[in-house]
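Listed below, chain by chain, are the residues.
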Amino acid sequence: MNDSFIQINGISKHFGNVKAVDDVSFQIKEGEFFSLLGPSGCGKTTLLRLLAGFEYPTSGNLLLDGSDITALPPDKRPTNMVFQNYAIFPHINVEKNVQFGLRKLGLTNDEITKRVKDVLSLVKLEGYEERYSSQLSGGQRQRVALARALVRQPKVLLLDEPLGALDKKLRDEMQLELRTLQKEIGITFVFVTHDQQEAISMSDRVAVMSEGKIQQMSSPNELYKNPQNIFVSDFIGETNFLKAKTNSKDGEYINVNIEDLGSFKIKNNLNISENASDVICSVRPETMMIDREKSDWDICLEGKIKQTSYLGEMTKFYVETKEIEKIITVSSQYFDNQSFQDGKCFISINLNDISLLNKK
Amino acid sequence: MEQKNNTLLIYTLLYFAFLYIPVLFLPIFSFNDANYMSFPLSGFTTEHYEEMWAKTNLHKALWASIKVGVVASVVSTTIALFAAKAFARYKFRGQNISYGAIMIPFLIPEIILAVAILVIWLSLGFKLGLVPVTLGHILFCTPFAMLILIARIEGFDFSLEEASRDLGENAWGTFYRVSLPLYLPGIIASLLLSFIISFDEFVLAFFLTGSDATLPMYMWAQMRFIQKLPHVLALGAVIIVFTTFIVLLAFWLRNLGQGKEKAEFGIKIHE
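Note that the protein sequences, when read in sequence, are chains A and B. Take the first sequence: its letter number 200 is residue 214 in the numbering used here, and every next letter is one higher. Take the second sequence: its letter number 233 is residue 234 in the numbering used here, and every next letter is one higher.
Everything labelled a hint here was simulated from the structure, so no lab data went into it. Each residue gets a CB set at the ideal place from its N, CA and C atoms; glycine is no exception. Be a bit skeptical, because a hint or two may be false.
[Claimed, not checked] Here are some chain A residues the structure puts well away from chain B; computed CB gaps all over 10 Å:
{"hint": "1", "residue": "D89"}
{"hint": "2", "residue": "N94"}
{"hint": "3", "residue": "N364"}
[Claimed, not checked] Straight-line distance between alpha carbons at most 30 Å, and here's what the computed DSSO-like set of lysine-lysine pairs gives:
{"hint": "4", "chain 1": "B", "residue 1": "K128", "chain 2": "A", "residue 2": "K90"}
{"hint": "5", "chain 1": "B", "residue 1": "K68", "chain 2": "A", "residue 2": "K90"}
{"hint": "6", "chain 1": "A", "residue 1": "K118", "chain 2": "B", "residue 2": "K61"}
{"hint": "7", "chain 1": "B", "residue 1": "K61", "chain 2": "A", "residue 2": "K33"}
{"hint": "8", "chain 1": "B", "residue 1": "K86", "chain 2": "A", "residue 2": "K33"}
{"hint": "9", "chain 1": "B", "residue 1": "K92", "chain 2": "A", "residue 2": "K227"}
{"hint": "10", "chain 1": "B", "residue 1": "K86", "chain 2": "A", "residue 2": "K110"}
{"hint": "11", "chain 1": "A", "residue 1": "K373", "chain 2": "A", "residue 2": "K336"}
So here's chain A without its partners, still in its complex pose (with noise of 0.2 Å):
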């Protein structure tokens, strides 16, 4: 597998004095699952148009599979776009709209009929070919958009939030569907979210965009265990953040006065120096313990539960404790809005799971 199919080097794109992307540089292998993950006006959606040749950077190169595709327009890429609202052409049935992108490909007719309805088939659409869009639900027309550009058998399928429209079960189900296609075609899919669980979900890789710059890009895995600045480690699911100074190195790990709490010594994941005044120790409300009892943590805390919110499969409990000043977040499967009666628990944390972060 080529770990270089689609290099992004240096680009930028300015719109006036807006920076959409802001000297971005990385490469995607082929075959991959890559989703740009940000919050909307991240510069995302920018990225994927100027893969697609909907818009020309201001500065940088793009290379696909090797050869400069910089200034090709839209229709000489080897790419393909599912659109975010479909855009499923309302003046022709479905499949019309799949044949559509075949006719410059000098296809016999019945390389055509073959390729359509393989697609059709890949997609689960077999008997919609008469229908037209407004005869479609939202799952169906997005599988027809999926089959329009899957169909030109492109080298990257680029989709811009393609399941931001359909309500949550269908999403989740698409979501797996996605995925088992894409690994079942082979093709490298460039996905743009907003959606952090979705990304995680989904990608072999996330690119986490925060004002047209990439904040990080890794594995979804370690992307929730590791995150390398406190955007990130916030945009991806949910945490506590603690205040904190470093003090003197020990090999790997750095002693860390957390405010409020005392002297600790943690993992220096991300190499920071002694001294710093400006760090913060995130913990995940998930690998936090609430109990009715103390524990041999490395960090016990006595606190009163001030709110809670029953999800069914978790309950997450916010939790007042006169050691910390602010509220602290802490999920947990095994107890729920019932098991304490009068409010009062134990919170438990390892030092394990803090992850410090640089503060920026």
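We have chain A already, so just place chain B on it with the hints.
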């Protein structure tokens, strides 16, 4: 509440009466067996229509009007289509000014437009005739065509055009396979209304036709002789029916595929 509804109903009826009763007299008297427009009606006849159709000058004027109308509507709709696309699709510097510039002929008194064209045309040493009339009509019809087409193109999902580019079509292929079929009801509505505006237009024609009369010019010339009144009435009646039909057709087309059924219509101009 009942009272209020009745008042509104009476107002509406009066409004339509004022609007259409004078027009209805034309068809009524065109079938009346008399040379004068007066009651009581003296009997039913189609003689005025036969008489009208027998005039060879009428055929000439009708043909002139059709030629002018077809050219004027095609050219003004084409110009308006490009302009409407630009206004609806892009935001550019000077957008409001250029929009205003295209709309101004719509607001300038027609007689001023006519005199201006007449003066320039003659000072350039050209002869009067159907050519300057057609040019004047193009100028006059373009704002109408633009209003119709902008209404159609505004709110158009331009990602459809991007999808077409993405699927391998170049700009012309995209226009032909995606934009044109979707704009088509608007384009046809614009063609029909521009044609009708040109077909009924009098002031520009009056100044610029020279000896080649258009249909309104022909009618005006006939009106000067009282004995020719009945067959002008017959001609007027025919024009009213024709115009009404075209305008209704244009409005129906303009609204076709908009709103609820937007995505459902399909005009297949290619297979």
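Results of checking the hints against the structure:
no.: 1; hint: D89; verdict: violated (5 Å)
no.: 2; hint: N94; verdict: violated (6 Å)
no.: 3; hint: N364; verdict: holds (49 Å)
no.: 4; hint: B:K128 x A:K90; verdict: violated (52 Å)
no.: 5; hint: B:K68 x A:K90; verdict: violated (43 Å)
no.: 6; hint: A:K118 x B:K61; verdict: violated (49 Å)
no.: 7; hint: B:K61 x A:K33; verdict: violated (65 Å)
no.: 8; hint: B:K86 x A:K33; verdict: holds (28 Å)
no.: 9; hint: B:K92 x A:K227; verdict: holds (27 Å)
no.: 10; hint: B:K86 x A:K110; verdict: holds (25 Å)
no.: 11; hint: A:K373 x A:K336; verdict: holds (25 Å)
Going down the numbered hints, you'll see the structure goes against 1, 2, 4, 5, 6, 7, while the others check out.
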